[in-house]
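Take the given structure of chain A and dock chain B to it, following the hints.
First to last, the protein sequences are chains A and B. One gets the numbering used here by counting positions in the first sequence from 1 and adding 497 to each. One gets the numbering used here by counting positions in the second sequence from 1 and adding 62 to each.
Worth flagging that the hints you see were computed from the coordinates, not collected in a lab. Check each hint, because a few of them may be wrong.
[Claimed, not checked] Straight-line C-alpha distance at most 20 angstroms; calculated EDC-like pairs for lysine to aspartate or glutamate:
id	chain 1	residue 1	chain 2	residue 2
1	A	Lys-576	B	Asp-194
2	B	Lys-154	A	Glu-614
3	A	Lys-576	A	Glu-605
4	B	Lys-112	A	Asp-598
5	A	Lys-576	B	Glu-207
6	A	Lys-576	B	Glu-177
7	A	Lys-569	B	Asp-107
8	B	Lys-168	B	Asp-194
9	B	Lys-168	B	Asp-71
10	B	Lys-152	B	Asp-179
11	A	Lys-569	B	Glu-177
12	A	Lys-576	B	Asp-179
13	B	Lys-152	B	Glu-199
14	B	Lys-152	A	Glu-605
15	B	Lys-158	B	Asp-203
16	B	Lys-152	B	Asp-203
17	B	Lys-152	A	Glu-521
18	A	Lys-569	B	Glu-199
19	A	Lys-569	B	Asp-71
20	B	Lys-154	A	Asp-598
Here's the letter readout for the chains.
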Amino acid sequence: MRGTYFEDVVVDKVQVTPAITVTETHVGMYLGITRELPAATGGVPDVLPLCLVVGLGWRVTEPPLVVLAFVKLDWHVVKDLRVGDTVHSRSRIVSKRPMRDGGLVVEERTVVDQRGEVVQQGQFTYIVAKRTKEATA
Amino acid sequence: MTEQRRYFDEIALGEEYESPGRTVTEADIVMFAGLSGDYNVLHTDAQFMKQSVFGERIAHGLLCLAIQSGLFSRATTPYATLSFAGLRWKFKAPVKIGDTIRLAAKVTGKKDLAEPDRGLVTLQRTVLNQRDEIVQEGETDLIVEKHP
Numbered sequence: 498m499r500g501t502y503f504e505d506v507v508v509d510k511v512q513v514t515p516a517i518t519v520t521e522t523h524v525g526m527y528l529g530i531t532r533e534l535p536a537a538t539g540g541v542p543d544v545l546p547l548c549l550v551v552g553l554g555w556r557v558t559e560p561p562l563v564v565l566a567f568v569k570l571d572w573h574v575v576k577d578l579r580v581g582d583t584v585h586s587r588s589r590i591v592s593k594r595p596m597r598d599g600g601l602v603v604e605e606r607t608v609v610d611q612r613g614e615v616v617q618q619g620q621f622t623y624i625v626a627k628r629t630k631e632a633t634a
Numbered sequence: 063m064t065e066q067r068r069y070f071d072e073i074a075l076g077e078e079y080e081s082p083g084r085t086v087t088e089a090d091i092v093m094f095a096g097l098s099g100d101y102n103v104l105h106t107d108a109q110f111m112k113q114s115v116f117g118e119r120i121a122h123g124l125l126c127l128a129i130q131s132g133l134f135s136r137a138t139t140p141y142a143t144l145s146f147a148g149l150r151w152k153f154k155a156p157v158k159i160g161d162t163i164r165l166a167a168k169v170t171g172k173k174d175l176a177e178p179d180r181g182l183v184t185l186q187r188t189v190l191n192q193r194d195e196i197v198q199e200g201e202t203d204l205i206v207e208k209h210p
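Isolated chain A, as found in the complex (with noise of 0.2 angstroms):
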C-alpha cells in the first residue's frame, strides 16, 4: 500500500497542507453527525476545525502515514473560528520510536488562519506501520 512506514519517517520533518475555507455547510454537517449544540451564529464548533486539518494531511504530495491506531490527542483551542475563515495546518514530527509491530510516532500540528494567526494547536500520538508488516496491517 502506498504510504509512509516508520521507517520512512523522518524527525523534525514540517508539512504545510493545502487551506480549506470553514463554511456553514461543514457546520451543519458536524452538528448533524454529531448532534453537538450549535455553538453562536456564525461560530465553528471546537472540534471541527481538529476533523478538517486531518483530511488537509491526505491532500499534501507526500503520502500519508500508515496509521495503525490513533493512540492520543494533546490539543488546546487557541483562538475561536468564524464561518468564512479559511485554515491549513503545519505539522512537525517530533518524535519516532520503535515497537515490535509498528512505531510510536509523535507529530505536533498547528492549525493556521488566513491571518497566520494560530488557531488551534496540539500534539498526535500514532502507532505507525513498519513497512514489514504490511500484510497484517
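Relative to chain A, chain B alone:
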C-alpha cells in the same frame, strides 16, 4: 423560550453524568470521511480491513471524540460554555460499525480565570462501549460563564 444553561457557579466539583448510548453506524463513518476528508483505509476499505487485526472497518478516532462531545450535551443540562480550551485524550480501543458508545463524565476541576466573568471547568470523560470497555478517555477543559 429561555434556553436553560448552567453557569460556572452552579456546577459542583465531583458532579457525575452519564449520557444515553449511541450506536455508531456505517453512515456515521461515511459521512465523517466525507466531512473531514480522512479516507484512511482503516475507515473506508472493507476488503482491506478484513485482513487487518481489526477484521473490519473501524470508526475514526476523531469521529468518536466528536460524538462524545454531542453525547455530553445529552448527559446533563448544557453548561453556559463560552469556549472549549483544550483536551488531553487517549484512544484506547477501536470502535466498530454497530458498537454502541456512551459517555461517563465527572467534574474534576474548577478554577477562576483572570477575567472575572468566567471560570475553567475540567471534566474527566470516559467513553464506554456496550461491553463496558473503555474506548476513549481523557480530560477536557471548558471555559464557562459565571452567573451574570
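Determine which of the earlier numbered hints do not hold for this structure and return their numbers in increasing order.
Those not satisfied are hints 1, 2, 7, 10, 11, 15, 17, 19.
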